[in-house]
Amino acid sequence: MKVWGITELDAYKAADLVSVRIVNMRRDGRALRFTLKPTANKCWQRRSASSISPERKVDAICFHGHYHFMRELFRVNENARIKTACADYKGLAIFLDLAPQTGMINIGSRMFPVQMREACFCYENGQDYIMPEHVTAWDGSPDTTRGKNCAVVGGIPL
173 MKVWGITELD AYKAADLVSV RIVNMRRDGR ALRFTLKPTA NKCWQRRSAS
223 SISPERKVDA ICFHGHYHFM RELFRVNENA RIKTACADYK GLAIFLDLAP
273 QTGMINIGSR MFPVQMREAC FCYENGQDYI MPEHVTAWDG SPDTTRGKNC
323 AVVGGIPL
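Counting in our numbering, the sequence shown runs from 173 upward without gaps.
It cannot be assumed that every hint is accurate.
[Claimed, not checked] Pairs of lysine-lysine residues, derived as DSSO-like cross-links and limited to a Cα-Cα distance of at most 30 Å, are as follows: (1) Lys209 <-> Lys185; (2) Lys255 <-> Lys174; (3) Lys209 <-> Lys262; (4) Lys185 <-> Lys229; (5) Lys174 <-> Lys214; (6) Lys255 <-> Lys214; (7) Lys185 <-> Lys255; (8) Lys229 <-> Lys214; (9) Lys185 <-> Lys214; (10) Lys229 <-> Lys174.
If you're looking for bench data, these hints aren't it; they were derived computationally from the structure. Predicted model, so just to flag it, every value in this text is computed and none were measured.
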């Protein structure tokens, strides 16, 4: 992931808020480049998109975890730019418009398709399971787009 308009400190704070960790943070021109990984509590754990072993855990963050992390970055700077392998979000408005379609990208095979938003344990774990209607209806309140079982700050579930 590459991010413009965000400091390293803000990226680490966002990671802490949504219970993910940043690895391999480095400068890439004017952007920050890094990867998100699960923390010890395995919040936002991605599952395999393979039809052979769909319950296998992958050492990666699912679509929902990425969504929540990006949402925190846009809270810091709504004009930030976030570029991933699947999308280029140039500001909050574009992010809110494109994120639902990004979650629908097939990461499985043609024979056994799996949407990016389905390759996780979020629903089973009672975490936020972002559906497009929740993404586009975001009204600015902090509780509507944060995971329920991952982190707590000041007694408020994130």
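Going through the hints against the structure:
1. As the CA atoms of Lys209 and Lys185 are separated by approximately 15 Å, the hinted pair is consistent with the 30 Å bound.
2. Straight-line distance between C-alpha atoms of Lys255 and Lys174 comes to about 5 Å, which keeps the hinted pair within the 30 Å bound.
3. Annotation: proposed proximity of Lys209 to Lys262 holds, straight-line Cα distance about 23 Å (limit 30 Å).
4. For the proposed pair Lys185 and Lys229, the alpha carbon gap of about 26 Å is at most 30 Å, so the pair holds.
5. This hinted pair checks out: Lys174 and Lys214 have alpha carbons roughly 23 Å apart, not beyond 30 Å.
6. For the hint pairing Lys255 with Lys214, the CA-to-CA distance comes to about 24 Å; that is within 30 Å, so the pair holds.
7. Taking the CA atoms of Lys185 and Lys255, the gap is about 19 Å. The hint holds against a cut of 30 Å.
8. In summary, the hint linking Lys229 to Lys214 is supported, as the alpha carbons are separated by about 10 Å, within the 30 Å threshold.
9. Between Lys185 and Lys214 the CA atoms are separated by roughly 18 Å; this keeps the pair inside 30 Å, and the hint holds.
10. A distance of roughly 25 Å separates the Cα atoms of Lys229 and Lys174; the hinted pair therefore holds under the 30 Å criterion.
Figure legend: structure checked against the earlier numbered hints; every hint is met.
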